[in-house]
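A.B. asks: So the protein lines, in turn, are chains A and B. For the first sequence, this note's numbering gives the first residue as 1, with consecutive numbering after it. For the second sequence, this note's numbering gives the first residue as 1, with consecutive numbering after it.
FYI, nobody ran anything at the bench for these hints, they're computed from the structure. Given the structure is predicted, the values throughout are model-derived calculations rather than measurements. Glycine residues also receive a C-beta, built at the ideal position from the N, C-alpha and C atoms. It is possible that some hints are incorrect.
Ranges between beta-carbon positions, derived for each pair [unchecked claim]: (1) A:510 <-> B:122: 14 to 24 Å; (2) A:298 <-> B:346: 46 to 56 Å; (3) A:35 <-> B:122: 48 to 58 Å; (4) B:275 <-> A:457: 46 to 56 Å; (5) B:275 <-> A:358: 28 to 38 Å; (6) A:449 <-> B:226: 20 to 30 Å; (7) A:183 <-> B:278: 31 to 41 Å; (8) B:110 <-> A:786: 38 to 48 Å; (9) B:275 <-> A:227: 28 to 38 Å; (10) A:757 <-> B:122: 42 to 52 Å; (11) A:37 <-> B:226: 30 to 40 Å; (12) B:47 <-> A:807: 46 to 56 Å.
No farther apart than 20 Å at their CA atoms in a straight line, the calculated lysine to aspartate or glutamate pairs in the EDC-like style are these [claimed, not checked]: (13) A:501 <-> B:246; (14) A:501 <-> A:418; (15) A:160 <-> B:331.
Footprint (simulated), chain A over chain B, 3 or more residues, beta carbon under 8 Å [what the hints assert, rightly or not]: (16) 34 to 45; (17) 226 to 232; (18) 260 to 271; (19) 327 to 337.
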Amino acid sequence: MRVPLSWLRDYVDIDLAPEQLAERLTLLGMEVQGIERWGADWRNVVTGELLEVARHPRADRLSLTRVRVGAEVLEIVCGATNIAAGQRVPVALPGAVLPGDRAIERTEKMGVVSNGMLCSGDELRLTADADGILILPPGTPLGVPLADLYGDVVLDVDVKPNRGDALSLVGLAREVAAVTGSAVRFPEIAVGESAGPSVASLLAVVVEDPALCPRFVGRWVGGVTVGPSPDRVQMRLLAAGMRPVSNVVDATNYAMLELGKPTHAFDASAVARDGAGRARIVVRAAGPGERLETLDHVERELSADTLVIADERGPLAIAGVMGGAASEVGATTRDVIVESAVFDPVSIRRTAFRYALRSEASLRFEKGQEARLARIGADRVAQLVAAWAGGTVAPGRVDTAPAEPAPSRVAFRPGRVDRLLGTAFGAAEQATLLARVGIAVEPAAAGQAVPVAADEAPLLVESAADALVAVVPTWRRDLHIEADVAEEIARVRGYDAIPTKAPDTQMPHFRPDPLERRTAIRRALAGAGLDEVLTPALVPEAQAALLGWPAEAADGVPGEDAFAGRPVRVRNPLSERHAVLRGSLIGSLLDVLAFNERHGRDDVAVFEAGKGYAAGADGAAREWWRLSFLLTGAAAPGTWSRPARTWDLEDAKAIAALVARAVRGAPPTFAPHRGGAPLHPGRAARATVPGLLAGLVGEVHPETLAAWDLRASRVLVGELAVGGLGGGQLAPVRVEPTGRHPGTERDLAVVVAEGVAAGDVAATLQAAGGPLVRGITLFDVYRGGPLGAAEKSLAWRIAVRPDDRALDDGEVDALMGRLVEAVASAHGGRLRA
Amino acid sequence: MDLASLTAQLQALRAEALPRIAAAPDLAAIDELDLHYLGRKGGALSVLMRGIGALPVEDRPRVGVVVNEVRQAVEGALGAAREGAGAAALAARLAAETVDVTAPAREIPRGALHPILETIDRIAAIFGQFGFVSYEGPEVETDATNFRMLNIPPDHPARDLWDTLYVDVPGGLLRTHTSPGQIRVMQAERPPIRALLPGRCFRYEATDASHASEFYQVEGLMVDEGTNLADLKGQLVEFAHAMFGEGTATRFRPGYYPFTEPSVAFDIGCLVCGGSGCAACGRTGWMTILGAGMVHPVVLRHGGIDPERYQGFAFGMGVDRIAMLRHGVTDLRVFLDGDLRFLEQFR
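Let the sequences and hints guide you as you build the complete structure.
C.D. replies: Below you can see the structure in the form of structure tokens.
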């Protein structure tokens, strides 16, 4: 809320500098987010007196004026028609700069030199009047900088949603008073009622559902003359951020800023009369198909739960949100109906959202309104309309609920307040602090009910001495429970006064770190040279279809299984690019590659531990963790001493093996995955460690690369489900005895048919070798003479090591023989001679 | 052959051998001389020693002494020569192997961990010393867990504080903060509780240099019988000093969150201008780094904890902003676009 300090001073004395006041308010919970010097952009604008206004010798529409500015008299050419000798006006001297960085210089106008400019209110952004020169009051001193007289300081206060009462100058004056200890001056509201017909004979109000409109107060001001508001009023509204409209509308806005009470003025002639000749207003829900042209001249179809102010012909206004064009107060308006009502906050909030019409008024209504203010607001607006637009106020008010609720009472225990805050204020100081925000304190009774939590049966105190009762002012709608009272005490005293200490309460039990396994994997991959990325979980809806990642390939890992559901869609996406939650991270990693290619980077090795999401038939959303990576270009750049090494499929498999090892798993086995796009049908594998790891690794299909518009020709990706990625501890390493005897290595080349998978041969070798075989490495693959055309030779290095004894050559020879036999019988191979 | 003649020949052999050995150019020449003089079968010394058998028995020991002297002299010379030649060979080899060590070092590949997750790690390490334990919760939450259980009823004006992305599962939304984790932890644990909840959050917010629709938060929660506002202040001051340096100025002021009462906004002295006021801190000299407060009794109750017996505090901080301050990042969009030129600086 924008708060002009000159206006705020109407309601409270302030002897603090603006910066000091801003800091004190901030520390009280009314955060001042900006301090604006209103008028700081009137440079070289001073007050002057028109000595003479004559016709310009060569232009009928211009005047030639002589203006006294202090000791000097200047000749200034002026185009306005509202000026006359003797008036006091703002004068922009040569060199002046007006709002909008408009520079004023000495100029020649139709052969006459003009030594500056007389300013309109609009040019100074002081009033809304752009046609006439701003006429200052007769007693205005001359030759004085305008900013000294009309400059102001405007605080921008961030009023929190629970403090609707402080969305007003009076409300903020109360906060200032809490800081300074001075008294609040409520505006003097006295309505001079006429002797004419009473409001009851002019206006009838029917509220169909009092739950949606608990109170409606109406006033009638007859015989107004609609025109501009007094300059001073326009100045205040502009400084507070509202555009002046007319004296009647400005009266409602002025009262809203002053009291926090939105009201509405209707042109009474637009309201249908009842049988008794009274304007008859009905507050009701909109009917089917009803329409209304609102003040912004948009024709709106009203939904059935829209609360409207209507007459018998139809809606006149959307209650609490916006008036209708047909009943708008305008130049021809004679009689004005003032509506000052309280509406259901939820209804107003929903309606304002539905029509995207959140206004200063709806913002205040949706935070809740004090019932009392309906009466006060009606009186204030009637008073201001009569003062600024003339007319007479009909005696009395129409009031649908004149009974005004008493202040609520909240019992609290000073001991518990101190316990919550960690303070030792005691009952007396707490009562003193509460008094500074208008909260009186009464003694409690035995058995007094203390509201600890608002939604439960209150706690009953045993002894009256344990509790006090806070009498909450009617405007404070945010204080319901003991803790609310504690906050008032703390904030009035200042959070600085709360001690700062280390907790002396018990430590919690040990709990495993859910990030432990994920962190181990992430560190391993970074250690292997891959950079970690984080990418948005929201992706374009088309991306999943474009990618077609086979999520089911990651099945078989308890706790991290893929979920075959539909994508989770955002109902209100920010853009098409962030419309659904992704099921796979691979599309995002391809995006990362595309981004880096655009920035000239072709060597990309990245990984992300992130979530996949889907919704099931039961409607519930599922989330699972995945470890995904992408490799392309050089793994290590070439240098003078070593050629570059390019990432290849074996690296992708090695990453899967590294991930398994990082969480103490066995090496994965790899089976061909021939599913086609997004992966190369001949260069993709499903990696599996039973019960621990599952997923695909492989080269990206050329069509998929093209779909992402990538420059790279070979890109490797993998997406793995890993047990415990979403939360789990690392098992300790269990060692095997290393043995006292050295092992040995033998090379073994077997010739097999082209179609035999190396992984199967490796499994056969391991199974046949048993625990003696500690390592199997495929070190060469050979095709060509003297082998047959459909044959290949697989050369293995077999590490052999017994636990507890020395090996003799004969035993190793026998083992090699068994291995060859096993391969021969399982795969039809033979020892390569 | 008599004694004198044999002795003279032996001395002559020595006189001839020693300079030749000393002059030998390399190990091969030395080996050749070794064979020539000391070879078992045709070596010059062996040839001379054959003459010993012709001498009278009483002379033989005297010749033996001379033979040994000569053999030792030759062997000594060979050893010295070999040592010298070895050292020279090694020196030559080392000289030949010299490389230009001034070339820039090759890099052993090492990837970067993401600065956001590293910042979370740092936060967790600090609060870990205070006894806080990490937990995680789901990102797709419901209106109930993200709002209602946290004392934010439907259509409450406070909902303006969170622009929300809703999803097409019943009641579903993307969590706007990590605070739903408070409820989950309280339901799963009994006091004493000290919980830390890092994670990704979502808001309906157009992306610019300081706003993102996906971002990271860390939530903290402490609940016990005596946990109070003074404890909260103590922990946050300690945290600010650990995270931003011992000299960091701190300030507490009232804030507003429906799930805390009293509520707290926690500011630190501007890290850019040091408190004198600049664009980064809106000319106030202060930067708000987190919101906090005493857990609202209704929220405790929703967590299954008796608000009469227990009290707690909670806080929530934006990781992105802290990471920006820590690393001098001025545009948070770099965190999620995977730009290696940015990320590789953290290797």
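A.B. asks: For a quick check of understanding: which of the numbered hints are violated here, in increasing order?
C.D. replies: Checked against the structure, the hints that fail are numbers 3, 9, 11, 15 and 16, while the rest are satisfied.
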